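A.B. asks: One-letter residues, chain by chain:
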Amino acid sequence: MRVRDSLLAAVAILAAGGLLSLGLADYSLRLLNLSVISAVAVIGFNVAFGLAGLISLGHAAFVGMGAYTLAILTTKLGWSPWLAAPVGVAVTTLFAALIGYPLLRLRGHYLALATLGLNVSFTIVTANWIALTNGTNGISGVPPFAVAGLAIDDERRFLWLGLVALAVVAAAAVALQRSRHGRAMMAVRDDETAARMSGIDVTRTKVAALCLSAAAAGLAGVLFATHVRFVAPEDFNYAHSIVYLAMLIVGGEGTVVGAVIGAALLTFLPEWLRGLGDAYLAFFGLMMLVILIFLPTGLIGLVRMAARLRFRRGAVATPRGAP
Amino acid sequence: MADFIQLCVNGLALGSVYALAAIGFVIVYAATGVVNFAAGQFVMLGTFAGVGMITQGALPLGLGYGAALAAMALFGVLFFVLVYLPLRKSPVVTIIIGTVAIGIVMQNAVLLSFGSWPFRLPSPLDGIMLQIGGAMITAHAVMVVAVTALLIGLIWLLFYRTALGIGMRAVAQDVEAARLMGLPVNRLLALSWVLAAMLAGIAGLLLGPMWFADVNMGDPIALKAFAATIIGGFGSLPGAIAGGLFVGLAELLGASYVSSAYKDLIAFGAMILFLLVRPQGVFGERIQDRG
Numbered sequence: 001m002r003v004r005d006s007l008l009a010a011v012a013i014l015a016a017g018g019l020l021s022l023g024l025a026d027y028s029l030r031l032l033n034l035s036v037i038s039a040v041a042v043i044g045f046n047v048a049f050g051l052a053g054l055i056s057l058g059h060a061a062f063v064g065m066g067a068y069t070l071a072i073l074t075t076k077l078g079w080s081p082w083l084a085a086p087v088g089v090a091v092t093t094l095f096a097a098l099i100g101y102p103l104l105r106l107r108g109h110y111l112a113l114a115t116l117g118l119n120v121s122f123t124i125v126t127a128n129w130i131a132l133t134n135g136t137n138g139i140s141g142v143p144p145f146a147v148a149g150l151a152i153d154d155e156r157r158f159l160w161l162g163l164v165a166l167a168v169v170a171a172a173a174v175a176l177q178r179s180r181h182g183r184a185m186m187a188v189r190d191d192e193t194a195a196r197m198s199g200i201d202v203t204r205t206k207v208a209a210l211c212l213s214a215a216a217a218g219l220a221g222v223l224f225a226t227h228v229r230f231v232a233p234e235d236f237n238y239a240h241s242i243v244y245l246a247m248l249i250v251g252g253e254g255t256v257v258g259a260v261i262g263a264a265l266l267t268f269l270p271e272w273l274r275g276l277g278d279a280y281l282a283f284f285g286l287m288m289l290v291i292l293i294f295l296p297t298g299l300i301g302l303v304r305m306a307a308r309l310r311f312r313r314g315a316v317a318t319p320r321g322a323p
Numbered sequence: 001m002a003d004f005i006q007l008c009v010n011g012l013a014l015g016s017v018y019a020l021a022a023i024g025f026v027i028v029y030a031a032t033g034v035v036n037f038a039a040g041q042f043v044m045l046g047t048f049a050g051v052g053m054i055t056q057g058a059l060p061l062g063l064g065y066g067a068a069l070a071a072m073a074l075f076g077v078l079f080f081v082l083v084y085l086p087l088r089k090s091p092v093v094t095i096i097i098g099t100v101a102i103g104i105v106m107q108n109a110v111l112l113s114f115g116s117w118p119f120r121l122p123s124p125l126d127g128i129m130l131q132i133g134g135a136m137i138t139a140h141a142v143m144v145v146a147v148t149a150l151l152i153g154l155i156w157l158l159f160y161r162t163a164l165g166i167g168m169r170a171v172a173q174d175v176e177a178a179r180l181m182g183l184p185v186n187r188l189l190a191l192s193w194v195l196a197a198m199l200a201g202i203a204g205l206l207l208g209p210m211w212f213a214d215v216n217m218g219d220p221i222a223l224k225a226f227a228a229t230i231i232g233g234f235g236s237l238p239g240a241i242a243g244g245l246f247v248g249l250a251e252l253l254g255a256s257y258v259s260s261a262y263k264d265l266i267a268f269g270a271m272i273l274f275l276l277v278r279p280q281g282v283f284g285e286r287i288q289d290r291g
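Quick note, the sequences are listed as chains A and B, same order. Take the first sequence: its letter number 106 is residue 106 in full-length UniProt numbering, and every next letter is one higher. Take the second sequence: its letter number 64 is residue 64 in full-length UniProt numbering, and every next letter is one higher.
Hints were generated in silico from the structure; no laboratory data involved. It cannot be assumed that every hint is accurate.
[To be verified] Under 7 angstroms between C-beta atoms, here's a sample of chain B residues computed to sit facing chain A:
1. L85
2. P86
3. I96
4. N108
5. I272
6. L273
[Said to hold, decoys possible] Label-pair distances were calculated between CB atoms; the ranges are:
7. B/L85 x A/R274: 33 to 41 angstroms
8. B/D174 x A/L31: 48 to 56 angstroms
9. B/V258 x A/A239: 23 to 31 angstroms
[To be verified] Footprint (simulated), chain B over chain A, 3 or more residues, beta carbon under 8 angstroms:
10. 117-131
11. 288-297
Since the model is a prediction, treat every value here as computed from it, not as a measurement. C-beta: ideal position from N, C-alpha, C; glycine also.
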């Protein structure tokens, strides 16, 4: 069951992405790639926030950590991206583990403020540690991945790389959610005392959730750096953390599908609503607020509600219409 | 020495503004349990209320201040009805995200109505300089500190010497018990939002002449007010004041004596350190395990 669902998620992502890649123009492909990258980050964020209930406003710092590690290793030390990518993910995960132990004793708004402070500090450091990060000028000339001598440097090629990464992350996330560890995280989210009473190591579960969440974010950062080929502090400031949060809320927190839908929707929405101009962000905030008040389970909740209604109507109609 | 005095006075003035923003934040948190992530945008809105009335509306200063504060009071009521009431029963996380969302709406609504070009907000003491111990100080900076001190006194009187304020504290402590005692709970909760909005408005009017009125000014103020609240102690009024002054002084003294690039890292570093070592801050939160 667990394996089947994981495979299903992976195949669905590859098929949907593959189909889209046939019909889309280059600019839409670029947006599709960016939404794939965001989806990887948001699935990771869902592990911390949706499963374990850790409200983090600093997820973009993890994405930035992965992106900067890859950018620095490839441009300053000349590493291959294939070698730098796992190091980027590992560094991000290790960083999450290091800050996780002291930080995750905090709950609710304390954790939100601490992670927000962390994200702001990350931006200040990357903007000012010029010797390492080039400051606000950013690091340009990040090399693309290459497979058998073929550089993955155009949108269509990158899409397949991104889709494979997203499929793997989504499958892993679905498997996690259905596993003992995933259930432990949800138990911690719902009632910490009850979870502890039933023998769950609360601190370890939280730190594990943060580390897995950061690993996916690090991967998203690595993908971002090789896609855009340029990293700068502004790409990872706390406004991006809020966008990741919004993506999950709009899609439906606690679900992998919701994370993917939210990431895709909020990446394309500014394009579709280009007519709004400067009013887009005001609309974006209002939309978030309306969803929070009227649709707390996100778009996924709406789909489920519609499915249940149709099912009920069908159940009533069958006996009447049956011969 | 003259430089040091000048930096200290300016730091205290900036810190006073942060303290006012933090006090508004704390009053709302104590009364309603809402962690208002839009607190910085409240201050920004206060500055722009001033810009709308004084710079654009060409009202005389006194009348303009009054009109701006009346607008802020009205905004507090609107916020209570449109944002607080619908979200009141939601989990903490939802409320946090909700206030983040409304902050984005506020910032961009102001951007749409005033444009991205920064404005200058006049001060009644424009152009007047004072000489203290060889340092040249703007009279406005001194006024900011004085007005803040006066307001803190008034808030203390309100909360500890008037029936209204004591009622507000009762609601903050236990809503159900307050309701049973016959207190008009909803009206008192609304009043906390109005008070917070007006304090933020005053902070915005005082800050306007020190910085430029810019739609992006809300976030940096919110971050400093949060740092001030954590350092001083979440939910504590003396903590908000001490924390605000500390953050303001750290910002200006840090910029001159440590590093102008890393000046903000001092406040956030202190905030994270406090969260890790002493999450209850200097003055501590009385009600434990809230939120």
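A.B. asks: Take the hints in turn and mark each one as holding or not.
C.D. replies: Against the structure, the hints come out as follows:
1. L85: 10 angstroms, violated
2. P86: The hint holds - B/P86 has a Cβ within 7 angstroms of chain A, the shortest such distance being about 5 angstroms.
3. I96: At 6 angstroms from the nearest chain A Cβ, B/I96 passes the 7 angstroms test, so the hint holds.
4. N108: Hint on B/N108: holds, closest Cβ of chain A at ~4 angstroms, below 7 angstroms.
5. I272: 5 angstroms, holds
6. L273: This interface hint is violated because 10 angstroms lies over the 7 angstroms limit.
7. B/L85 x A/R274: 33 to 41 angstroms: 34 angstroms, holds
8. B/D174 x A/L31: 48 to 56 angstroms: Distance hint for B/D174, A/L31 holds at roughly 51 angstroms.
9. B/V258 x A/A239: 23 to 31 angstroms: Between B/V258 and A/A239, where Cβ atoms are some 27 angstroms apart, the hint holds.
10. 117-131: Check passed, 8 qualifying residues.
11. 288-297: It holds: at least three residues are needed, and the segment 288-297 of chain A offers 5 whose Cβ sits within less than 8 angstroms of chain B.
Checked against the numbered hints given earlier, the structure breaks hints 1 and 6 and satisfies all the rest.
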